[in-house]
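Position chain B relative to chain A; hints supplied.
Residue numbers (full-length UniProt numbering), protein chains in the order written: chain A, 1 to 184; chain B, 1 to 184.
The reader is advised that the hints may include incorrect statements.
Each pair may be met inside one copy or between any two copies, as identical chains are not told apart.
Below, in silico cross-link-like pairs of lysine-lysine (DSS-like), each with a Cα-Cα straight-line distance of 25 Å or less [unchecked claim]:
#	residue 1	residue 2
1	131	102
2	78	132
3	159	3
4	78	159
5	131	81
6	135	33
7	162	41
8	178	135
9	41	3
10	178	3
11	102	3
FYI, nobody ran anything at the bench for these hints, they're computed from the structure.
One letter stands for each residue in the lines below.
There are 2 protein chains.
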Amino acid sequence: MNKFEENTLSSQTIFQGRVIDLIVEEVQLPDGKTSNREIVKHPGAVAIIPITAEGKIILVEQFRKALERSIIEIPAGKLEKGEQPEHTAIRELEEETGYNCKSLTHLISFYTSPGFADEIIHLYIAEGLTKKQDKLDLDEDEFVEVMEVSLEEAVQLVKEQKIYDAKTAYAIQYLQMKRVVEQR
Amino acid sequence: MNKFEENTLSSQTIFQGRVIDLIVEEVQLPDGKTSNREIVKHPGAVAIIPITAEGKIILVEQFRKALERSIIEIPAGKLEKGEQPEHTAIRELEEETGYNCKSLTHLISFYTSPGFADEIIHLYIAEGLTKKQDKLDLDEDEFVEVMEVSLEEAVQLVKEQKIYDAKTAYAIQYLQMKRVVEQR
Numbered sequence: 001m002n003k004f005e006e007n008t009l010s011s012q013t014i015f016q017g018r019v020i021d022l023i024v025e026e027v028q029l030p031d032g033k034t035s036n037r038e039i040v041k042h043p044g045a046v047a048i049i050p051i052t053a054e055g056k057i058i059l060v061e062q063f064r065k066a067l068e069r070s071i072i073e074i075p076a077g078k079l080e081k082g083e084q085p086e087h088t089a090i091r092e093l094e095e096e097t098g099y100n101c102k103s104l105t106h107l108i109s110f111y112t113s114p115g116f117a118d119e120i121i122h123l124y125i126a127e128g129l130t131k132k133q134d135k136l137d138l139d140e141d142e143f144v145e146v147m148e149v150s151l152e153e154a155v156q157l158v159k160e161q162k163i164y165d166a167k168t169a170y171a172i173q174y175l176q177m178k179r180v181v182e183q184r
Numbered sequence: 001m002n003k004f005e006e007n008t009l010s011s012q013t014i015f016q017g018r019v020i021d022l023i024v025e026e027v028q029l030p031d032g033k034t035s036n037r038e039i040v041k042h043p044g045a046v047a048i049i050p051i052t053a054e055g056k057i058i059l060v061e062q063f064r065k066a067l068e069r070s071i072i073e074i075p076a077g078k079l080e081k082g083e084q085p086e087h088t089a090i091r092e093l094e095e096e097t098g099y100n101c102k103s104l105t106h107l108i109s110f111y112t113s114p115g116f117a118d119e120i121i122h123l124y125i126a127e128g129l130t131k132k133q134d135k136l137d138l139d140e141d142e143f144v145e146v147m148e149v150s151l152e153e154a155v156q157l158v159k160e161q162k163i164y165d166a167k168t169a170y171a172i173q174y175l176q177m178k179r180v181v182e183q184r
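Excised from the complex, chain A in its bound form (with noise of 0.2 Å):
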């Protein structure tokens, strides 16, 4: 599993935050040589891809500050620590969209960034949903405005570059797949 293998000779913490930390590592190349490596460290999250009972797909927008500007994502959040990835992706459904769901399945995780961060997304599908809620219970600092979408709304909002991230442009995709497979 480590072929290449990058030995750690040293290791300095940049930064500590609230969201990230950023380290610098000077590691052994495989040749011997040495380099530095920049590493955001990230708690990890989850995504998850909600879907009504008449097949709508409900998605949130929100401002993104490292893009200035919105997009529109499927739920999501970070891992709180010790918790478990199914648990926040129960509670961040009913945060960010007033949603309880009766069914959550695993369908992928992977890594978003692995070049220069370990953030990984645990990426599920929600089925069975029942409103919880009308008022969203959501983080101090976060706005978002959730929708309901057709598949073929969705695939639109891809095209229009509304929908513009990995997770969600994943989903999107799942979703399109699904629908083929299941038309044969």
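Then chain B, alone, in the frame of chain A:
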């Protein structure tokens, strides 16, 4: 486009690195309160799905220090300053695999981690491959092993978590969908 926009009150550059910069911004939230945003600046990247005449996919295995393990990915690389993504794609394909391509088609672009980073990946399909050189032209600190796999083998690598990143998972799912559509 800028629903729930957050205005920057102050910006502090914490780190300027070889690959990423880290900035912390104090922002004014839509409700007038303030918060901090931790933002990783990245030059952006391309990733390429190289398909051989035999229908195999060319993948590269490399050690990812952020994950402390090696994973198998589609070829990818950072944009150099002022470089057009298409040029980066052609350059990186040749450097990492030794192949030139006759046809390069843009598939999708997406942000990888909009919660904390501005990294965007432009994803291309490369076809009409010809081997230009056997020796790879890698960066000084880059060590990769090239492999050619069938779609079935790639799907198995996803299941085994040897393929474990968003761009490669998206690419394999895209090829699976293409196969299903073609077989209808």
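Right, here's what the structure says about each hint:
With identical chains, the CA atoms of residue 131 and residue 102 are at most 25 Å apart within one copy only, with a shortest distance of 11 Å there and 52 Å across copies. Only within a single protomer do residue 78 and residue 132 lie at most 25 Å apart by alpha-carbon distance; the minimum there is 22 Å, versus 44 Å between protomers. Only between protomers do residue 159 and residue 3 lie at most 25 Å apart by alpha-carbon distance; the minimum there is 19 Å, versus 38 Å within a single protomer. In this homomeric assembly, residue 78 and residue 159 come within 25 Å of each other (Cα to Cα) only across copies, at 24 Å, whereas the closest approach inside a single copy is 27 Å.
With identical chains, the CA atoms of residue 131 and residue 81 are never at most 25 Å apart, being 27 Å at best within one copy and 48 Å at best between copies. In this homomeric assembly, residue 135 and residue 33 come within 25 Å of each other (Cα to Cα) only across copies, at 20 Å, whereas the closest approach inside a single copy is 57 Å. Taking the shortest Cα distances, residue 162 and residue 41 sit within 25 Å of each other only across copies (21 Å), while inside one copy they are farther apart (28 Å). Neither within a single protomer nor between protomers do residue 178 and residue 135 lie at most 25 Å apart by alpha-carbon distance, with minima of 32 Å and 41 Å respectively.
Within a single copy, residue 41 and residue 3 get their C-alpha atoms as close as 22 Å, which meets the 25 Å cut-off; across copies the closest is 29 Å, which misses it. Taking the shortest alpha-carbon separations for residue 178 and residue 3, neither the intra-copy value of 35 Å nor the inter-copy value of 32 Å comes in at or below 25 Å. Taking identical chains as interchangeable, the C-alpha atoms of residue 102 and residue 3 are never at most 25 Å apart, the minima being 42 Å within one chain and 31 Å between chains.
The structure is inconsistent with the numbered hints 5, 8, 10 and 11, although it conforms to all the rest.
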